[in-house]
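There are 4 protein chains.
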Amino acid sequence: MMHKSKALLIIDMINPFDFEKGDILAEKANTISKPIKKLKDQFNKENKPVIFINDHYNLWQANLHKIIDLCTNEQSKSVIETIHPSEKDYFLIKPKHSAFYGTALNTLLHHLNVKSLIMTGVAGNICVLFSANDAYMREFEIHVPSNCIASVSDDDNTYALRMIKNVLKGKINPLHETS
Amino acid sequence: MMHKSKALLIIDMINPFDFEKGDILAEKANTISKPIKKLKDQFNKENKPVIFINDHYNLWQANLHKIIDLCTNEQSKSVIETIHPSEKDYFLIKPKHSAFYGTALNTLLHHLNVKSLIMTGVAGNICVLFSANDAYMREFEIHVPSNCIASVSDDDNTYALRMIKNVLKGKINPLHETS
Amino acid sequence: MMHKSKALLIIDMINPFDFEKGDILAEKANTISKPIKKLKDQFNKENKPVIFINDHYNLWQANLHKIIDLCTNEQSKSVIETIHPSEKDYFLIKPKHSAFYGTALNTLLHHLNVKSLIMTGVAGNICVLFSANDAYMREFEIHVPSNCIASVSDDDNTYALRMIKNVLKGKINPLHETS
Amino acid sequence: MMHKSKALLIIDMINPFDFEKGDILAEKANTISKPIKKLKDQFNKENKPVIFINDHYNLWQANLHKIIDLCTNEQSKSVIETIHPSEKDYFLIKPKHSAFYGTALNTLLHHLNVKSLIMTGVAGNICVLFSANDAYMREFEIHVPSNCIASVSDDDNTYALRMIKNVLKGKINPLHETS
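Residue numbers (the numbering used here), protein chains in the order written: chain A, 1 to 179; chain B, 1 to 179; chain C, 1 to 179; chain D, 1 to 179.
I should point out that these hints are in silico values taken from the structure, not numbers from a laboratory.
If you're wondering where the values come from, they're calculated on a predicted model, not measured in any experiment.
Misleading hints may appear alongside valid ones.
Computed footprint of chain D on chain C; a stretch qualifies when at least three of its residues, placed anywhere within it, have a C-beta under 8 Å from a C-beta of chain D [what the hints assert, rightly or not]:
1. 120-134
2. 147-159
Examples of chain A residues lying across from chain B (beta carbon under 10 Å, computed) [claimed, not checked]:
3. 58
4. 59
5. 67
6. 70
7. 72
8. 90
9. 96
10. 106
Each residue gets a CB set at the ideal place from its N, CA and C atoms; glycine is no exception.
Isolated chain A (complex conformation) (with noise of 0.2 Å):
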């Protein structure tokens, strides 16, 4: 029953890397997907809703495959593998940093009766971030895994799990320490 209540947002995974030092994060991103990938099978084998918050990357199309296609090059390839959205995987684009802003999803999560949220992705101090403070302003629970998110700098990804855990009240515990 608790269980019902939890989702896995998996944010900006989905990734072409194509920016200044994105080298950097797609080698981080390419380790936090591991982890994600777990947790990822876990909530597929019992059920339980997995949702894809991507960037729009200029297409606004409702089309999960072109910005697939888009994202795909050498640097993405690795993690885009790794966790692939799977047939019953909800995937919401969204224009702007916030998962929430400009998006369905606080509707589907109220639809699919979920309070608490695991959140993972990139980047960890950017656009998990300001998702995390949405979130609290909507009221979830908020779990943000440490080794499930990352940025370019990890002085600037220690901090915003310090944020999540201080300001947000949120658990950073990672993954293995969840269940």
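Since the structure of chain A is provided, determine the placement of chains B, C and D on it from the hints.
Below, chains B, C and D without anything else, positioned relative to chain A:
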């Protein structure tokens, strides 16, 4: 220049019409699909934005093809063939009545520098009317051509048009008087 | 317990009625102010939330006294005297038609654990109707007692009630049948 | 003309500082209240908008006087005296961290034709930072003068300023370099 700032919205026309009195609405949608198509062709030719906004049909997967497949049936086929999204058209999924609620529409319109909307589709007295009010609250100019929206009841449609004109300060003159 | 989850909304009743046909609406507002007052007394007595939601009148200063002063005139005096906010009533200012758009209403209702709204006030076919739709999209239960809303045109009021019943699944039975 | 489009936001400076480490923040708020006051005087003199945005303190009554009374104590007195709202200043109440969430701020800024924000107040790493991100998502230009925000921890304040500069493309130069 003026042209730059206009967008054509096509609301819920990709639709299975599989609800009570859906057959009546399907027939009326068929009628309005012709002037909408004319408008859409003109917008496509002039490189002005055409934005489909459609119900989610409980698919939250950013997958317009699944939506079109799911919506296509004997009743809807003709409408969907007439105003099928073109390669460059935008396509947004909405979780509720209004085209603005829980969608990226406002951001997309801002990004396209659009100030003025031509709103078309079904049902005139529900999704079109409530979208028009949300557009009005966000201070867009509104034009709802009277021959481009339809409702199950003609009285309801007339009432919605009256509301749009009197309360939301929108234009409602039919298409051929537009230009 | 069930009671805990209900709130009474009073929309735009603090009003100068200084617009076209405002005199007509003032008279009708006067009529509905009596059953609204009865409802308000009952809510006050039972410690259930009463929430006034009112236009800003271009005062954006969180100052309900200025608003009441500005709204009080020969036409409005009787209405304002009848349903003046009590010491413990809530008072929110809205920037546009809908009681939810650009206001803290959703958060306040969540904080009060409210799931069900009794919506009253003016104009029935504008601010009440659009607020009701926004309530519906946020998945509140709606009750709009037919003797507690008014519009300039009685036809428009009847139409709004029909929409609230048929489209927004709201109850519209008048007050004395409620309880 | 350029001036017309700027507004000064003063976030959570009307504050009892009655939380953990509130005494530390009160002292820092006192320090930043001087440059904020200078800025406010300049805006008042030039008839440019000054907008206070403040927590609700569980008063949801559009009553800034009650809020000011409730916030005034030994610790806060000096800050509140220094930057008391003037007769013409705007005052909005926010339900959560961000100045945009559940408030009329976006509509008010649009109404005032504001495109660019000078953001000041406390806490720099919480309400100011999250408001700045919401401003960025709504495509406002941001200037957060480094001597006009404060956080309990100076490191957190520095980090917030870095985020505002690097991620939200905001200016952070201190006041006297502004003009």
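Status of the hints after comparison with the structure:
1. 120-134: violated (count 0)
2. 147-159: violated (count 0)
3. 58: OK, holds: residue 58(A) within 10 Å of chain B, min 9 Å.
4. 59: holds (9 Å)
5. 67: holds (7 Å)
6. 70: violated (13 Å)
7. 72: violated (16 Å)
8. 90: holds (4 Å)
9. 96: Holds, about 7 Å.
10. 106: Status holds, d = 7 Å.
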